[in-house]
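A.B. asks: As a plain string of letters, each chain reads:
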Amino acid sequence: MVGPTVSLSGLRRADGSASYKCPVTGYDVLGAVNAPVELPARKDALRPEDATIEVFVKPGNTTAGVGEGYVESVLRSVLGSIVLGREKGFPRRGVVITLAIIGGEAVERGDSYLTILPALLHASLLALISAAVPLSMTFATTLLAVTPSGQIVQDPPVEDVANAVSLHVLAFSSKGHLLLNESQGRFDFETWESVREQAASICQGANPRGSDGDTAMDDESKDGTLDNFIREAMEDHLHRVYSWKIESN
Amino acid sequence: MATPTASAVPAAPPSLSLPPSQFARLQPHAYLLAHLSPPPASNQPSIRANGRAPAQFRVTSANSGSLTHTNGSAVVRVGDTTAVCGVRAEILHTDDIASWSVSQASSGNTHKRRRLGDLGGKPTEESDDTYADAQDDEDRAHIQDLNLLVPNLSLSTGCAPGFTPGAPPSSLAQSLSHQILSLLHTSRLVRADDLRIWYQPPNLGREDLERHNEDEAMDVDAGPGAAGLSKPREIKAFWVLYIDVMIISLAGNPFDAAWASVLAALRDTKLPKAWWDIDNETILCSDDVSQARKLSLRGFPIASSFCVFDADAAAAYRAVVIPKADEPKRRGFKQTWILADPDGYEEGLSQERACLVVDKESNGQGKTVIVKMEKHGGWIIDTEDLRQLVSMSAQRWDEMKQILEQC
Amino acid sequence: MSREANLSVAEREFVLEALRQGQRLDGRQADQYRPLSISFGEEYGHVKLQLGKTSLVVRISAEVTKPRDERPFDGLFNINVELSAMGSPAWENGRSNDAEAYVANVVDRVVRHSNALDTESLCIVQGVSCWSIRADVHVLDFDGNLTDAVCIAVMTGLQHFRRPDAVVRDGQVIVYGIDERVPVALNITHKPLSVTFNAFNEGKNLILDASLKEELASEGELVIGINNGGEVCFLSKFAGAPVDAHDIVEKSNVALEKVKEINARIDKVLLADLSRRGKKGMMEESRAENDREIDSRTTTVV
Chain A
1 MVGPTVSLSG
11 LRRADGSASY
21 KCPVTGYDVL
31 GAVNAPVELP
41 ARKDALRPED
51 ATIEVFVKPG
61 NTTAGVGEGY
71 VESVLRSVLG
81 SIVLGREKGF
91 PRRGVVITLA
101 IIGGEAVERG
111 DSYLTILPAL
121 LHASLLALIS
131 AAVPLSMTFA
141 TTLLAVTPSG
151 QIVQDPPVED
161 VANAVSLHVL
171 AFSSKGHLLL
181 NESQGRFDFE
191 TWESVREQAA
201 SICQGANPRG
211 SDGDTAMDDE
221 SKDGTLDNFI
231 REAMEDHLHR
241 VYSWKIESN
Chain B
1 MATPTASAVP
11 AAPPSLSLPP
21 SQFARLQPHA
31 YLLAHLSPPP
41 ASNQPSIRAN
51 GRAPAQFRVT
61 SANSGSLTHT
71 NGSAVVRVGD
81 TTAVCGVRAE
91 ILHTDDIASW
101 SVSQASSGNT
111 HKRRRLGDLG
121 GKPTEESDDT
131 YADAQDDEDR
141 AHIQDLNLLV
151 PNLSLSTGCA
161 PGFTPGAPPS
171 SLAQSLSHQI
181 LSLLHTSRLV
191 RADDLRIWYQ
201 PPNLGREDLE
211 RHNEDEAMDV
221 DAGPGAAGLS
231 KPREIKAFWV
241 LYIDVMIISL
251 AGNPFDAAWA
261 SVLAALRDTK
271 LPKAWWDIDN
281 ETILCSDDVS
291 QARKLSLRGF
301 PIASSFCVFD
311 ADAAAAYRAV
321 VIPKADEPKR
331 RGFKQTWILA
341 DPDGYEEGLS
351 QERACLVVDK
361 ESNGQGKTVI
371 VKMEKHGGWI
381 IDTEDLRQLV
391 SMSAQRWDEM
401 KQILEQC
Chain C
1 MSREANLSVA
11 EREFVLEALR
21 QGQRLDGRQA
31 DQYRPLSISF
41 GEEYGHVKLQ
51 LGKTSLVVRI
61 SAEVTKPRDE
71 RPFDGLFNIN
81 VELSAMGSPA
91 WENGRSNDAE
101 AYVANVVDRV
111 VRHSNALDTE
121 SLCIVQGVSC
131 WSIRADVHVL
141 DFDGNLTDAV
151 CIAVMTGLQH
161 FRRPDAVVRD
171 GQVIVYGIDE
181 RVPVALNITH
191 KPLSVTFNAF
201 NEGKNLILDA
211 SLKEELASEG
221 ELVIGINNGG
231 EVCFLSKFAG
241 APVDAHDIVE
251 KSNVALEKVK
261 EINARIDKVL
271 LADLSRRGKK
281 GMMEESRAEN
291 DREIDSRTTT
301 VV
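Residue numbers (UniProt numbering), protein chains in the order written: chain A, 1 to 249; chain B, 1 to 407; chain C, 1 to 302.
Any given hint could turn out to be false.
[What the hints assert, rightly or not] Covered stretches of chain C, as calculated for chain A (at least 3 residues, CB under 8 Å): (1) 39–47; (2) 131–140.
[Stated by the list, open to error] Straight line, CA to CA, 25 Å or less: simulated DSS-like cross-link-like pairs of lysine-lysine: (3) C:53 x C:268; (4) C:260 x C:48; (5) C:48 x C:237; (6) C:213 x C:237; (7) B:401 x B:367; (8) A:21 x C:53; (9) C:279 x C:48; (10) C:280 x A:21; (11) C:48 x A:21.
Read the hints as simulated data drawn from the structure, not as lab findings.
Positions of the beta carbon are idealized from the N, C-alpha and C atoms, including for glycine.
All chains, full assembly: derive it from the sequences and hints.
C.D. replies: What follows is the structure, encoded as structure tokens:
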């Protein structure tokens, strides 16, 4: 399987940016982060001790509608739980995340937004890292579909999504917490448990936690996991940014 | 932050004591925490500031058919959150649908999924006759592609202090509208067959036509094949259901109330008998109430929302204290509470939310089916909690079904 | 924050003084564009354009809709310019600003109102169905002269885009997927582009393709929309310092030269991309030939 491709800090004007391209689903998302920025006095009066996170999703070839409003609220809530909005310089300021879907099919009105959610989440996470916004942890996320025959498919193509009995997006933090679960369709709890197990192994490695109390994962089992992928993207980025320092040592 | 113990409040010197209502405003987190974790000596149960147990939902009441000028309507009140829903049906002529006369040469790689009849029968796991799979796909094609269901939710002025007149739809309202639309689609609650208006070309004589029209009104499940030997009948128009939800009072958890009102309103909805009149080349509706028929909905999905209250208010922003997921939770002292059906006060104190929509097969006798399950905003809820939430939602289903069926 | 931060007095003076001496900040000539690079995405009509440090993506899409009642023979064409905080922190998400309205207006006039895209060719069945073509502009980085960049990208996109083939059979419109039949290019009647000049020092200096700093120090703008044939389809000297009428005539000639140059560039990249696709496409086409047999059976749906 061809993995996703990412590149960080490609844009000049934004404080941080990342491009995330998933070859399986065809989605190409460009994320830009401006933080911390001044926000005109608005709803941030509600939580003056914290940063206000604003997410804006710009669809590729349609006008933004209620679906974008929904996916923005999900992103805001997930990213809000990892952004350290009380660090110095952030309270009362804004973290503005702009995501443009520049490749892949448009999500039509009323269609499920789950298919593009992982790409949006990864793009915004990497853009936040690129903008050096303090985060408590990172995460990795994946889309799984349960087919009518009960199989669980990772990153399903468009036809499989249309025929799927249920769709699930799960995000796991780098510390192993379940950060996000969005499931829709018709399924029972046992199905979801096996979906969770598979998602955890895709994101974090083949050793689902709690199996025998042994949580120490060797590096091999972590190879090829999404967690590792995010980590490598970060390491590459840091190497580039600090190349002047590394070379002088 | 004040020491979050209940005993601190009465122990304070009289000159500094505060009435509970002011304490609740000044130190909301400590106030709720003091309620939830009473001192062990007092032998009091853990209770929320609003007097409910953590797993207790608010008192719910429902009333349907309240609005006169709609095809179906309902008012659902969950505690102080009240949602009014009105369903208005309008006729959409197929000539007015731009994509109606358009077909894709093949279904691969295209936007619209209009493949009627070419579906290999998917294995039907459910013997339940309400879920015929081939029918399902056709339904999705019509309802979703033609936008036959148009829900819109408005958070009206004055429903809560933050809503001012003349403002554009808030992101909360947009998000709720999408959630309702998306749930209507994924739960396949409404059958496309109920929304179709057919025309049977007459080739059997006048009486037969008369009879056919009647048949259709009676037998909603008659597929295109049922017309049998005569000319194939054709769809001339669709009913479009405009589902308007208005939250007239918002005190937390708008989604549960909004969805319950949509469900109750759709159950109440009656569509007049409509047919294509060949002489006038138009759709005619009967004004005879006895000929109007109700929608036959699939299932009875019920939404239940939860929020998580964390004892350590600082946990959300102090990076160092976030424990790894596999670290055993500290025993003895309960750190977090999952609160069912949160009110506005509790929502303001929590970041993490969960929402479940469940249904039970065979009218409540069969197993519980999850239609939607989501959580975000934190890292506390995981498998075991979700398992509990599913069973709580299943209990809530029984309760809500009774309430909605009696309204 | 809804405007770009102003230049300091010293910076502004530096720009102006340099221009008085015939110099620009980046060493360009007065009538010289910044380096222009155009590339294409995988889909038809997906254009990535970079003009100096201004960069943007344009996506063209098509769908079948009902034509407007008053113009039953015409298809629809819209250019959608929405500036987000990605391009510049000065632009606020979800709120339109002056720059957005200005760019959208100029591009609309240069490309759409000049009928560069023949909308009548988009008609499928009179009064019943037509193609609706939509151009979405995503500005990734803003460093001045957005108008010209958007014009070039939209025009390139329109020439690159291929809409699915559609056939009318017994009142049924049958749309063939891109992999089933060779998709159809849009009917482009002429190729107008906008060329923007900025005025400095009371109209004495007129320079082409200003960068953001130059734009901020500028005293006025002259926009000329012109096609290869030298026909002016848009001319705007909106406000600001007065410009000599002779200069406008002279600059029109410069604009014509530039438009010819850029259009030649566009033709070149289009040709290169299409021949690259052609190699791949030949293989797919021969496969599609076989598929068509099967497809003809499924066309009677609905």
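A.B. asks: Any of the earlier hints contradicted here, and which numbers?
C.D. replies: Hint 5 contradicted; others consistent.
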